[in-house]
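S.K.: Residues per chain are reported as follows:
Number of protein chains: 2
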Amino acid sequence: MSTDAFELLCRGTVDVLPLDDFRKRIAAGRPLRIKAGFDPTAPDLHLGHAVVLTKLRQFQDLGHEIVFLIGDFTGLIGDPTGKSVTRPPLTPDEVAANAATYQAQVFKILDPARTQVVFNSAWMSQCSAADLIRLAAQHTVARMLERDDFHKRYESGKPIAIHEFLYPLIQGFDSVQLKADVELGGTDQKFNLLVGRHLQETAGQVPQIVMTLPLLEGLDGVQKMSKSLGNYIGISEPPAEMFGKLMSVSDDLMWRYFELLSLRSNTDLETLRQQAADGRNPRDIKFELALEIVGRFHGQLAAAHAHESFMQQFSGRGLPQDIPEIRLVSATPRMPLAQVLKAAGLVSSTSEARRAVAQRAVRIDEQRIEDEECQLETGRRHLLQIGKRKVSWVELIHAP
Amino acid sequence: MSTDAFELLCRGTVDVLPLDDFRKRIAAGRPLRIKAGFDPTAPDLHLGHAVVLTKLRQFQDLGHEIVFLIGDFTGLIGDPTGKSVTRPPLTPDEVAANAATYQAQVFKILDPARTQVVFNSAWMSQCSAADLIRLAAQHTVARMLERDDFHKRYESGKPIAIHEFLYPLIQGFDSVQLKADVELGGTDQKFNLLVGRHLQETAGQVPQIVMTLPLLEGLDGVQKMSKSLGNYIGISEPPAEMFGKLMSVSDDLMWRYFELLSLRSNTDLETLRQQAADGRNPRDIKFELALEIVGRFHGQLAAAHAHESFMQQFSGRGLPQDIPEIRLVSATPRMPLAQVLKAAGLVSSTSEARRAVAQRAVRIDEQRIEDEECQLETGRRHLLQIGKRKVSWVELIHAP
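Protein chains in written order, with our numbering: chain A, 1 to 400; chain B, 1001 to 1400.
Watch out, some of these pointers could steer you wrong.
[Stated by the list, open to error] Some, not all, of what chain B presents toward chain A, calculated at C-beta under 10 Å:
(1) A1130
(2) V1141
(3) Y1154
(4) L1169
[Said to hold, decoys possible] SDA-like cross-link-like pairs, simulated, lysine to any residue; straight-line CA separation at most 25 Å:
(5) A/K24 with A/K179
(6) A/K158 with B/Y1154
(7) B/K1108 with B/Y1154
(8) A/K158 with B/E1155
Simulated from the structure, these hints should not be mistaken for laboratory data. Just so you know, even glycine gets a beta-carbon here, dropped at the ideal spot from N, CA and C.
Sequences are here, hints too, so could you generate the full structure?
M.R.: Take a look at the structure:
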């Protein structure tokens, strides 16, 4: 049982340090204090953020205690260099409002009854300059400059303000304050999480386990999910939209999402993989992913409705039941429409494809295409249609 | 008049930055706030410390306001790395006791009526961690690593704890707090004084002038004056001892001491140099130095007594009035006594010198010598005697 727990908790992680220590603590069966810190800026979470939250939920379901830390202390200071207009100091009211928004979203994944929400201003605003100096004495400049981003900036002559060296120490001090057993974060947080270990050791505590999780790829399957790249699924998006976006991901990315976003057991996932190997339609497996994720954010009923209307959208309007599925490999991140139509066998030449567009006969993902030169994104499945008869699913794979 | 003041204040300095700005502020005639900071560790001052204090006194005599800052805030923290057993945190009582000892010594040079003594704990102990972060945001890691000692330690892989980057900022913040016009320090303080300029500018103040003074050479004329090297004159030493030590310095070093320790005008010093060039006995010029310095710490009467007994010591006990003065150059920092006696012409061979020692006939600086292998220190004048007849002053110069 504890081996299963250990395997599940390690699933999808990048680092678990030290791994053996983690194994022992899980085997001991005592509830652990699991810390994860979040910025106090106004959140609009997407599935990228859900990776850490999903891991927290797995801990929670195994009986561990979650400490959801809102790092509001630094937010209340803002950007003291005055260089960033986007980081003015937040007022306590703004922090409270952001925290409420956060919790509304986060508690779609975490169980509020088993989550302790804390603000580090609670202890940091009581902290004197002398306290901070004592904290700063516990780390060296050289070690701090080993952090990847600091190192690059220093080497390339880009300024690092001295207070930036203090923030990892404050994050580490939060772990001392909370007596964390495990701290979770993205891979970019690894250094800061290790600072926490160091400070806990100095404070005479058993140092925390450091667990990092990867950045989730967006819908394109290549770049990390982010709002600015437009390749995201927001956790507040309506059920149908969320469902459709999840169905649009490539089969490879589907497995990645299962691994990082699903609460299903490792055994369950192995069974699904076996089914795929045995010839089960990947679309049906993707339905299971989409149902679970949409169900988590909107409830099972809404997920079932989203599933139904997705089916109707593609089967209820005269689409054939068995649309051929084609995979195309592209050397570039996008592929010209005319080439895709020809490679999919829907037209015999690219000039025929252009004529079809000119005649307003071509639809991609249910949208009529008017631009002959339009390009399709790789890393996704697209529904291609010319008139009513010619229909094909095409999965565009980018292989540079 | 203000040109004289400017020339006097610049005398002996290493850096005055920016020089033109300093000239203008002195010319303006307004009283300036002159800051100098001192450690709160138990002081036992020697003439090396008196260099900065003498400069402060010159400012004071010209009507400027002296702010004598005791940097007790960091002393109250101690060495947070716990690595230095010599730097445990001081208690407020210890700081107060040290400060009293300080003032007792310092006010032999400074006029207490025109000196403001301040403790930086007054504002720093009110300072929160958030305040310190805002301060730290005003300087970059790269600039801090430009400081000579930090640079060397970083390059050679010796650890620099992060709080060490905060101390120059605190020193600089003291200048903001005190609205200093000028800050004085040793050459090793130049970087920290410049940090003060930077922080004052950021705070919208006119940045302070940075004035650095050299480290004073000790009695040997080579190494900096320090207790551990034994080449010092303590400002609490008895008048006769202080007088004798001052009389033992080389003629070159005498001019250096005039420049850095005397309150006499530049014109006065030029006159003395002219007299020396015209053949006045350097010993008599040295008397003027010794009288001034001893007079400052013990009063004019005590200085006159010290002078008198110094004269008697060498002329009242049958010493000839005109003892020959000899200069010897040594390649090593010390020179064997037998060689010195031979080179001075008091013996014809080193074996004769050794016999004289064995017969208890040799005295150096009025002390009977019993060790044939003894060595004399360079950088000083020594009185050599064999029996009652053979007497010579010898100045040993180290020229490696």
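S.K.: Hint check: is the beta carbon of B/A1130 less than 10 Å from a beta carbon of chain A?
M.R.: holds (5 Å)
S.K.: If you draw a straight line from the CA of A/K158 to the CA of B/Y1154, is it 25 Å or shorter?
M.R.: Holds, at about 18 Å.
S.K.: With a cut-off of 10 Å, does the beta carbon of B/L1169 approach a beta carbon of chain A closely enough for the hint to hold?
M.R.: holds (7 Å)
S.K.: Between the alpha carbons of A/K158 and B/E1155, is the straight-line distance 25 Å or under?
M.R.: holds (19 Å)
S.K.: Need the status of pair B/K1108, B/Y1154: alpha-carbon distance at most 25 Å?
M.R.: violated (41 Å)
S.K.: Is the interface hint satisfied for B/V1141? The criterion is a beta-carbon contact with chain A at less than 10 Å.
M.R.: Holds: closest Cβ of chain A sits about 4 Å from B/V1141, inside 10 Å.
S.K.: Hint check: is the beta carbon of B/Y1154 less than 10 Å from a beta carbon of chain A?
M.R.: holds (7 Å)
S.K.: Under the criterion that the straight-line Cα-Cα distance not exceed 25 Å, is the pair A/K24, A/K179 satisfied?
M.R.: Holds, at roughly 18 Å.
In summary, the one numbered hint that this structure violates is 7.
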